[in-house]
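Undergrad: Below are the chains, spelled out letter by letter.
There are 2 protein chains.
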Amino acid sequence: MTLKNLNGLNFNKLSENQITELEQAAKRARINSLTMIQGANSGHPAGAFSSIEMLLSVYGLANLTPENADSFDRDNIIISHGHVSAGVYAVLAEYGFVDIEDAVKNFRRCKSAFQGHVVREVPGIDWSTGNLGQGLSAGVGYALAQRARNYKGHVYVLTGDGGQTKGQLAEARRVAVNEKLNNITALIDLNEHQICGDINDVMHCNIKALWEADGWYYIECNGHDFNELFDAIKKARELDSPCVIACKTVMGKFGGVMENTSEYHGKATGEKNYYDIIKSLGGDENLLASVNDYRKKNLIPEYHGRLIKPIEPVLEFGERFRYSPDIKTDNRSAFGNVLTQTGELNYKKTNHTPILVFDCDLAPSVMTANFKKSCPDNFIQCGIQEHATATISGAAAAGGTLSLWADFGMFGLDEAYNQHRLNDINNAGNKLVLTHTGLDVGEDGETHQCIDYVGLMRNMFGWKILVPADPNQTDLITRWMLKTPGCMCLAMGRSKVDVIPEFYDEDYKFEYGKAVKLRSGKSGSIFALGYMTQTALKAADKLKAESNIDVSVYCVSCPLEADIEAITEAAETNFIITLEDHHVRTGIAPVIAMAMAENNLHTKFKKLGVSHYGLSGSSQEVRKFMGLTVDGVIENVNELLRK
Amino acid sequence: MTLKNLNGLNFNKLSENQITELEQAAKRARINSLTMIQGANSGHPAGAFSSIEMLLSVYGLANLTPENADSFDRDNIIISHGHVSAGVYAVLAEYGFVDIEDAVKNFRRCKSAFQGHVVREVPGIDWSTGNLGQGLSAGVGYALAQRARNYKGHVYVLTGDGGQTKGQLAEARRVAVNEKLNNITALIDLNEHQICGDINDVMHCNIKALWEADGWYYIECNGHDFNELFDAIKKARELDSPCVIACKTVMGKFGGVMENTSEYHGKATGEKNYYDIIKSLGGDENLLASVNDYRKKNLIPEYHGRLIKPIEPVLEFGERFRYSPDIKTDNRSAFGNVLTQTGELNYKKTNHTPILVFDCDLAPSVMTANFKKSCPDNFIQCGIQEHATATISGAAAAGGTLSLWADFGMFGLDEAYNQHRLNDINNAGNKLVLTHTGLDVGEDGETHQCIDYVGLMRNMFGWKILVPADPNQTDLITRWMLKTPGCMCLAMGRSKVDVIPEFYDEDYKFEYGKAVKLRSGKSGSIFALGYMTQTALKAADKLKAESNIDVSVYCVSCPLEADIEAITEAAETNFIITLEDHHVRTGIAPVIAMAMAENNLHTKFKKLGVSHYGLSGSSQEVRKFMGLTVDGVIENVNELLRK
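Order-wise, the sequence lines are chains G and A.
Quick note on numbering: numbering that gives the first Met the number 0 labels position 41 of the first sequence as 40, and the sequence is numbered without any gaps.
Quick note on numbering: numbering that gives the first Met the number 0 labels position 3 of the second sequence as 2, and the sequence is numbered without any gaps.
Any given hint might turn out to be false.
Here are the simulated SDA-like pairs of lysine to any residue, each with C-alpha atoms no more than 20 Å apart in a straight line [stated by the list, open to error]:
# : chain 1 : residue 1 : chain 2 : residue 2
1 : A       : Lys-603   : G       : Thr-602
2 : G       : Lys-179   : A       : Val-176
3 : G       : Lys-271   : G       : Val-256
Here are a few chain A residues that face chain G, going by a calculated C-beta distance under 7 Å [said to hold, decoys possible]:
# : residue
4 : Gly-129
5 : Glu-170
6 : Glu-311
7 : Asn-417
8 : Asn-458
None of these hints come from the bench; they were simulated from the model.
Computed from a prediction, not measured in an experiment: that's the story for all the values here.
Idealized CB from N, CA, C, for every residue including glycine.
Can you make the complete structure from the sequences, with help from the hints?
TA: Dropping the structure here:
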């Protein structure tokens, strides 16, 4: 049986018949979700039971249906408390998104889409969650994407109450208000229980005062009463500000032993309790046995969920800028020039993908200030709130924009690592631009040195990192990044650098994954990460001029990839040196060492990089004290040749 | 000239003479800090100028002097807006903590203690900051440490206003109130400017309402008026709740062109403006020239700051628990047993280091619930607020306790990476216990799989990671961790595991960095991370029994270290396999590959680990689909032997 979607509030009041249908659906959803959990002997039943009416109401009212779930022009729904997954799957089945039998049988089983925490692979789910506190940020990202695409829809974010204390939630609230969003509604499942007990005992948090202090309109309703829920949602949609609905619920509602206790937050009820509850709900007492039979057979589930692909942007690009070898400029300016040019060419053009640029109070330094001037409506100031910004920019990409956040490396990645991990799991396809990376942050000192961007990104599976060497390569790489789908991170230092003639060449094309050979020599080989290439080149040239030693120099701009061809060739020389202003244990050194080990290649190997927290001084001085200079490289070359 | 410290508010009202002295000191501090910045041609002058009176007042009143700065029993001062460093150093000099000439000449120079953002190496500074939003958490950590040590002192946290939007700040506020702290006062430099302009334009934030909603007492005062500042601080100290003082200030106060603008947030004023300001302040116009002369000489600064060492805990330990090979138990329970035992033995004992245990609503799962029962006053519930908790637990260690935070791997490390990086930079010496790591989280799915803890920690310099294989090793490693100074992370899965007889042995001693050889064979070698050792052992035993193939098995419990002796020995066999339920690119595989490359060792090399986001199912099933089983290992051994 499938409930009818009311599609965007075209109703005045629920009829008695509709209420009866919804109440019956709620009963079925409780029975099905409890059976999922008991069958898996694992899950979160009590929260699922308290959220059922909220879920039925939101999925009933939103313009989100099985038919439009794969398109952009519709409402979005984010389930921030992803652990109530069993309840969500049961409700999605009521509206025809998924097959209830499949969900009940394969909940929390390998290869099934019905994971323990909700994932985007399930139709009707717009954000994979599980780490609390990120859902509202995802909702804000979708709401901004709707606005940028000129789509007049709405975004619903359902959250629990335990996670109301997460700081990221407050950050997202403020961005919503700062952006004057009126297309987002949050609903809190206010059951007053979290794992360790009553939310007021565990960690008191004045929910109403905090939402209101941040400028949200606050409504309360009975979270188990469909009339109150529908009225509240209707009111929220008519407001010209973001609105939060505090839904007063009972933990484990209609779940007998589960009611009003934290005990069944995260575990199955056990069979005795299960049958008591099923009986009280009028459920089929044979259901569980058939599920257990199926699960014992250990069949691999057939339905793995839908395929989530990042957006393929539709954009017009201008001519590349060329920086001649007789000038010095910084890579971040070269990035900014491409961004502004592309922004201007596509700003508010019908059928072009909107480019949204996010900032955390650093626009002048990260070179997005000109984009802001040219494309003011597509520039989103998020303030000093990096956790929310990371997720917002991810969800804005998932919502159909080309979303780009530029920040200092330390704030953009180190501070928001877990948010970017969730973006990756969501295959969101957002772009992250890091400036002031490595030791090249100037005099700000050790807290500001982002010497771990490669080492952090390497822990994920989807992200690509791009570290250009010079402004010409930056220009080409930025264009490539803007047009290529997927999560990508562009990393650049702060200083002006020499132009490398090979990249100034009109014929140079950027090829992802390739280490570019800029000098050729038989004595040894240097692999340099991004903007350390110039140092390697100078060392090679000095070695040639002063000692007639020929070394190869490879520019590595894609540090997550091992260019096996280049490494194989280099392993035939006397040594391989890796050179980077990155943590020496986690940058390109391990990539090359692993490629050598796996391909049984050998030669002398030396890694040069950051071996302790840096000092506070000019980038040049800091590198000098770390031994990452032309003379430092030469010294190491000579030592390896003597060995 | 050195100002007199008023040492803990033993005063009624400032005398006219005192005010005159403070005003003169403020002038000198402005002159000195501006000269630092102009000499370095880099820094944050306008914020330094707006904070000067706040700094002079707090350092004047707190029981923190050059004499007691290296002891625990004193007040603590945290400068959260670490970029106002020039102002801080100038004020510290007024109270005799540092030499003003040294600070002025060597500000922001390599090898000088006077970094761009304040660091603990400078006496009078209790927390190295730079990443905004963490200071209040550090203050709460120190305040909890004072309480646990039974010291009746006070903690002052100075913050800017731009960073008031950081979510972590709100989390820390709530912990302070939840813990009923009355020994902490926050002061906000309310100059209403941040990098991109007026704070209300960049990102509106209702500061008063938010602090009050979280339960703090809120006072306002003129942040340039010593009488008002002293009165406000006195009042704050007398309250029985945490108090925040909003100090209304003028950005760049007394700085001419810098006043009331965001322009000089983060750059020197230039020489012309410099001389105008110095003249108006009555400063020595020759000062800058002498600083410039000195800096041109490029001498290496003599004073590098004090040495910061993590606490050496004074604790009594009980007998080790022994888990016999005929039972199965989980490592996290073995950890919990040692923690409870040690907690009980030392609880509230004079001259013993207090053990503080932090929780984020997961005590029952991370096995700290028994500690809570036995040592209730030393158990700190922080709610679902991981960012604040990470910093609080770090600062509590720096404040003289044995501070331990236990959480799921994903929440304890992935979510709080940057906070742990700051703990490392601070050499705080806190302990982080991660459970449910790797794929061993049960059915919760991909968002909960912490497959990157080694890869994340490897980006820092001080942290040690410990991954025990079985409960007996867990017992010994936990004891070792509790008694050894330094930042340490203990990582464990969720499941019950087999006891490894070698670790049950009474003579087994844990040795940090050593890979323990549990099987010896000439055919090949397997290095297994922690609790994957059992899988490797079973594979080795099956290979021996069924195919008479002898492989060595090494248990790696210290994945950041390469045991060169073991690797050298293994490289003499036909192959090395690494086995881990960790991201295959960032766990032990690269450590061993790098050690092979650097030591010119070779043999066939194969890495087995997590190669894509995991599925949602039982740990066993998830590992099976990832190929990390006994049969998976055997298959790889056979393939390598065939090659």
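Undergrad: It remains to establish, for every hint, whether it holds in the given structure.
TA: For each hint, the structure was consulted:
Restraint check for Lys-603 (chain A) and Thr-602 (chain G): the C-alpha separation of about 15 Å stays at or below 20 Å, so the hint holds. For the hint pairing Lys-179 (chain G) with Val-176 (chain A), the CA-to-CA distance comes to about 32 Å; that exceeds 20 Å, so the pair is violated. Distance restraint check for Lys-271 (chain G) and Val-256 (chain G): the Cα-Cα separation of roughly 11 Å lies within the 20 Å cut-off, and the hinted pair is therefore satisfied. For Gly-129 (chain A), the suggested interface contact is upheld, since its CB lies about 3 Å from the closest CB of chain G, less than 7 Å.
Given the 7 Å rule on beta carbons, the hint for Glu-170 (chain A) holds: about 5 Å separates it from the nearest Cβ of chain G. At a threshold of 7 Å, the smallest CB-CB gap from Glu-311 (chain A) to chain G is about 22 Å, leaving the interface hint violated. At its closest, the beta carbon of Asn-417 (chain A) sits 4 Å from a beta carbon of chain G; the interface hint therefore holds under the 7 Å criterion. Of the supplied interface hints, the one on Asn-458 (chain A) holds, with its beta-carbon coming within about 4 Å of a beta-carbon of chain G, less than 7 Å.
The structure does not agree with the numbered hints 2, 6 stated previously, though it agrees with the rest.
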